[in-house]
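Asks: So you can see what is in the structure, the chains are spelled out below.
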Amino acid sequence: MKAMDIRKIIETGLASIAPEADFDELSPTENIREELDIDSFDFLNFLIGLNEKLGIDIPEADYEKLVSMNDLVNYLDERTG
Amino acid sequence: MADFIMPSLGADMKEGLLVAWRVKPGDQVKHGDIIAEIETQKGLFEIEVFSTGVVGPLLVNPGPDKVPVGTVMTTISAGDELPSPARTSSEKRINISPAARRLADENHISIYDLKGSGPDGVIGLADVERVLTLAPPVAAPEVVKQTTDFKTGMRDAIAAAMSLSNREIPHYYLASDIDMSCALDWLEERNRQRSIRERLLPVVLPLKAVALALKKVPQLNAHWVDGKIQLKKDVHIGFAISLRGGGLLTPALHNVDQLSLDQLMAALSDLITRTRAGKLRGSEMTDAGITVTSLGDLGVRTVFGVIYPPQVGLVGLGRIAEQPWVEQGAVSARPVLTATLAADHRASDGHLGAQFLDAFTRILQEPAKL
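In order, the protein sequences belong to chains W and S. Take the first sequence: its letter number 68 is residue 54 in my numbering, and every next letter is one higher. Take the second sequence: its letter number 368 is residue 370 in my numbering, and every next letter is one higher.
Careful: at least some of the hints might be erroneous.
[To be verified] Per the computed footprint, the stretches of chain W lying under chain S, defined by three or more beta-carbons under 8 Å from a beta-carbon of chain S, are:
id, segment
1, 20 to 30
2, 33 to 41
3, 44 to 52
These are computed hints drawn from the structure, not numbers from a lab. A quick note: this is a predicted structure, and the numbers were derived from the prediction, not measured. Think of the CB as a built atom: it goes at the ideal place given N, C-alpha and C, for glycine as much as any other residue.
Full structure from sequences and hints, please.
Replies: Written out as structure tokens, the structure reads:
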């Protein structure tokens, strides 16, 4: 799967939590949870959504690695092959 | 016979808007059934009935006028009050064609209010249609919903409740730093063995610990009403949930002391989802005996809470962060949670509040027992 497709899936998931989010304005290195005001409950649901769409299990220990859009795309890209 | 009145869904609520009836006259209802949808400043709520029986005439039509709290909206004749023969015969006297009855039901028109123009006073379709053209149309929920600006209304409601709280409640505040190593190690191990769908959020541990601590210190699971404390039998915990448009709601998680951590996680997910979707039940807004607010996600260390009247306590949870921890003369880095209690000094003293935080701390040291 291409990085662009992964990004699209991430954006769709985030948009369902933060409908007002403008992804063109979002810097790829910014902290997504802070920028979009996503709490731990919403973040867990977001990861569950990624798990369902991409079939990747994200261990809890990896949550802290997933801070920015770049982090998310790279992490998922490495695991979708 | 019990009156079904416009309920009060909080100390700040004076009136509400009936958006829709979910029942019609003659329907059999039981305790807990949803019978109406009501809009308040804080949003839309499903309202349950707390008696079992048969719904009487609907005395209030849906919107656009607001209905004062306490107004009788319909009656529920008790289940054991079987209709007397006289009553049955009087009901039988309403002669109405099936098509007319259906049209009346669909438009929430009470058939008891209709006058028949047919032979022997039979109510026909035309009679219902006449009422429909004369009466202002029953507003569809979509139309009614737009009458309140929730952002302003929510702010007004919070302003009213919090002003009342700070005006009338002499708060005292206590804080405890809690070593969360045991609890988090245990949670990490448990979550590692589970798929992402089955994982627990850390907040369920302190939530359950609050419930168990309240069993030991029940005086903080209470309401302050007319100058007296009223202890709550059940452990229902209000949980502060922020809304994306601004504002917050503190609906109750029910019987938290009796839930397993998995059940509590499921209940919490359901409650947060319904709160943010505007699908709460009225009772969830009123039956909590204490509130928990967790602001640790945003890095807050200590929460100094404002009690939600008529409750007598609020537990604040800050972030869980690594801090130097001294034990038996040695310093180590431990994950530490700062938990606070804001309590009503009319209803309890600092000693009791300290007993609560002590129990809460001890319970969190034995996570397997949660």
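Asks: Run every hint past the structure and note whether it holds.
Replies: These are the hints, each one checked on the structure:
1. 20 to 30: holds (count 5)
2. 33 to 41: The restraint on the segment 33 to 41 of chain W holds, since 3 of its residues have a Cβ under 8 Å from chain S and three suffice.
3. 44 to 52: Per the Cβ count (4), the hint holds.
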